[in-house]
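Chemist: Line by line, the protein sequences give chains A and B.
Counting from 1, position 95 in the first sequence corresponds to residue 95 in my numbering; the numbering is continuous, with no gaps.
Counting from 1, position 111 in the second sequence corresponds to residue 304 in my numbering; the numbering is continuous, with no gaps.
Hint data in this document are derived by calculation from the structure and do not stem from the laboratory.
Since the model is a prediction, treat every value here as computed from it, not as a measurement.
We treat Cβ as the ideally placed atom computed from N, Cα and C, and that holds for glycine.
Each hint should be verified, as a subset may be incorrect.
Quick look at which bits of chain B chain A covers, simulated, 3 or more residues with Cβ under 8 Å [claimed, not checked]:
| id | stretch |
| --- | --- |
| 1 | 253-260 |
| 2 | 396-403 |
| 3 | 419-433 |
Residues of chain A placed beyond 12 Å of chain B at every Cβ, according to the derived structure [to be verified]:
| id | residue |
| --- | --- |
| 4 | 9 |
| 5 | 28 |
| 6 | 29 |
| 7 | 58 |
| 8 | 114 |
| 9 | 119 |
| 10 | 120 |
| 11 | 128 |
| 12 | 131 |
| 13 | 165 |
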Amino acid sequence: MVSEKGYRGVVVADVVKRAGVARNTFYENFGSKEACFLAAQEYAMSTALERVVEAAGVHEAWPQRIRAGLTAFIDYVAAEPALARLAMVDALSAGPASVKCYEESQQAFISLFRLGRDVSRHGADLPETMEEALVGGVFWIIHQRLAFAGEISVPELLPELVEFALTPYLGPDEARAVAAAGEAEGSRATRRR
Amino acid sequence: MNSRNWLVSQYGTSSSGSVSSVLLSDPVNPVESPEFPPELARLPPGRHGLPREFVARNQRERLIAGLAEAVAENGYAGTTIAHITRHAAVSRRTFYEHFGSKDECFVAAYDTVMAELCKRVGEAFEQEEDWPQAIRAGIAAMLEFLTAEPHLARLSMVEALVAGPVVVERYDAAIQSLVPYFQAGRKGRPKEILAGLSPTTEEALVGGMVSLISRRIFAGRAEEIEALLPDLVEFTLTPYLGSVEAAKVARES
Numbered sequence: 001m002v003s004e005k006g007y008r009g010v011v012v013a014d015v016v017k018r019a020g021v022a023r024n025t026f027y028e029n030f031g032s033k034e035a036c037f038l039a040a041q042e043y044a045m046s047t048a049l050e051r052v053v054e055a056a057g058v059h060e061a062w063p064q065r066i067r068a069g070l071t072a073f074i075d076y077v078a079a080e081p082a083l084a085r086l087a088m089v090d091a092l093s094a095g096p097a098s099v100k101c102y103e104e105s106q107q108a109f110i111s112l113f114r115l116g117r118d119v120s121r122h123g124a125d126l127p128e129t130m131e132e133a134l135v136g137g138v139f140w141i142i143h144q145r146l147a148f149a150g151e152i153s154v155p156e157l158l159p160e161l162v163e164f165a166l167t168p169y170l171g172p173d174e175a176r177a178v179a180a181a182g183e184a185e186g187s188r189a190t191r192r193r
Numbered sequence: 194m195n196s197r198n199w200l201v202s203q204y205g206t207s208s209s210g211s212v213s214s215v216l217l218s219d220p221v222n223p224v225e226s227p228e229f230p231p232e233l234a235r236l237p238p239g240r241h242g243l244p245r246e247f248v249a250r251n252q253r254e255r256l257i258a259g260l261a262e263a264v265a266e267n268g269y270a271g272t273t274i275a276h277i278t279r280h281a282a283v284s285r286r287t288f289y290e291h292f293g294s295k296d297e298c299f300v301a302a303y304d305t306v307m308a309e310l311c312k313r314v315g316e317a318f319e320q321e322e323d324w325p326q327a328i329r330a331g332i333a334a335m336l337e338f339l340t341a342e343p344h345l346a347r348l349s350m351v352e353a354l355v356a357g358p359v360v361v362e363r364y365d366a367a368i369q370s371l372v373p374y375f376q377a378g379r380k381g382r383p384k385e386i387l388a389g390l391s392p393t394t395e396e397a398l399v400g401g402m403v404s405l406i407s408r409r410i411f412a413g414r415a416e417e418i419e420a421l422l423p424d425l426v427e428f429t430l431t432p433y434l435g436s437v438e439a440a441k442v443a444r445e446s
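From just these sequences and the hints, can you work out the full model?
Modeler: In structure tokens:
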């Protein structure tokens, strides 16, 4: 519903009509439109982050963990564009609780990225806020694509974001190599399907 | 002086909430613009012999400043038209002569603030010949403005997002308008550096930079913004200069 009308345009009547439930049922489950929105956002973000953790956990090496994590996240966004739009575009204008949830979901990535300092040759010299900025940049790109195109293109976006995320730790050449190896793997997986 | 020094000096309202003092030029912050001499910043009731157009423009600007004050006090959602007109010390009827709604008034305020911010960033950037120094100067100008005007910072980076889709679109556009400053850094870079820059590099840098700033404003830690300068300079220059050179530019004072 929100993906059609934006957060402010949606009223509880729209939600119950679309969900095929009674107005009473809505209020038994959620106190308000705000609470319902937040529940949807939290669901989307926790599902996406579960997949990130699961995908990253398969790998030992940090660069591959980052690549796998970003891949899982972007795959989820591509597969669920309406939920992703709710959680990454509409959430920003849905009030303080939603903005807080949006920021907290970045925190999981920030922790994962920070481990890269241990494998980086100049890990100790990196600016304190770098992970926050990197993750903010990745989220911003996805936000922009969802806000203006309503969807994202995985093959176009994924290698660029992986390279962007890894470059400060590994340098441009190695970062590009890891991103390119991921692309090769991705296209093999597509062919198998 | 707790808020919007810039709006005060522009439009001659003080940030104090009381009706009697709102229109007076602030003694601490005298109105210097020749267009708004202090004695005219207050429009006395009745016949003041001022051209109609001037009065109208002055009222509009006072309403914009009034909205900024009201939003700082109540947040966007909690702000009513009564709050705005009280801060601006104009009638409700006057409000509706200028704006159709609270949203419309907010859009005007947002545009005013962003135009000023972009102007300052652009001017600071243009003053430096050397691109890395120009980036540093542009970022410094932005952080300085947001630090000096904490309420306008909140209005433009936090409240803007809850003010509806029209403002969110403008917010996105304002952030994207910073992209060309970074793209200018591609010029004259060696081939191997350019090969490492993807088409989305600049967007990601700008998005990361704004995210770092707005997270602090959202959390009520606006006072930390100015100290972000070296980190932001290093973060944004690294893809173009490499981490060693970027850190050098970032850490020089």
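Chemist: State for each hint whether it applies.
Modeler: Consistency of the hints with the structure:
1. 253-260: violated (count 0)
2. 396-403: holds (count 8)
3. 419-433: holds (count 8)
4. 9: Contrary to the label, residue 9 of chain A does not stay out of reach of chain B, its closest Cβ about 8 Å off (not over 12 Å).
5. 28: holds (26 Å)
6. 29: Residue 29 of chain A clear of chain B: closest Cβ-Cβ about 24 Å, beyond 12 Å.
7. 58: holds (26 Å)
8. 114: Fine: 15 Å to the nearest Cβ keeps residue 114 of chain A off the interface.
9. 119: Nearest chain B Cβ is 15 Å from residue 119 of chain A, so the label holds.
10. 120: violated (9 Å)
11. 128: At about 6 Å from chain B, residue 128 of chain A fails to clear the 12 Å cut-off, so the statement is violated.
12. 131: With a cut-off of 12 Å, residue 131 of chain A comes too close to chain B, as the shortest Cβ separation is near 10 Å.
13. 165: violated (9 Å)
Consistency with the previously given hints fails for numbers 1, 4, 10, 11, 12 and 13, ordered from lowest to highest.
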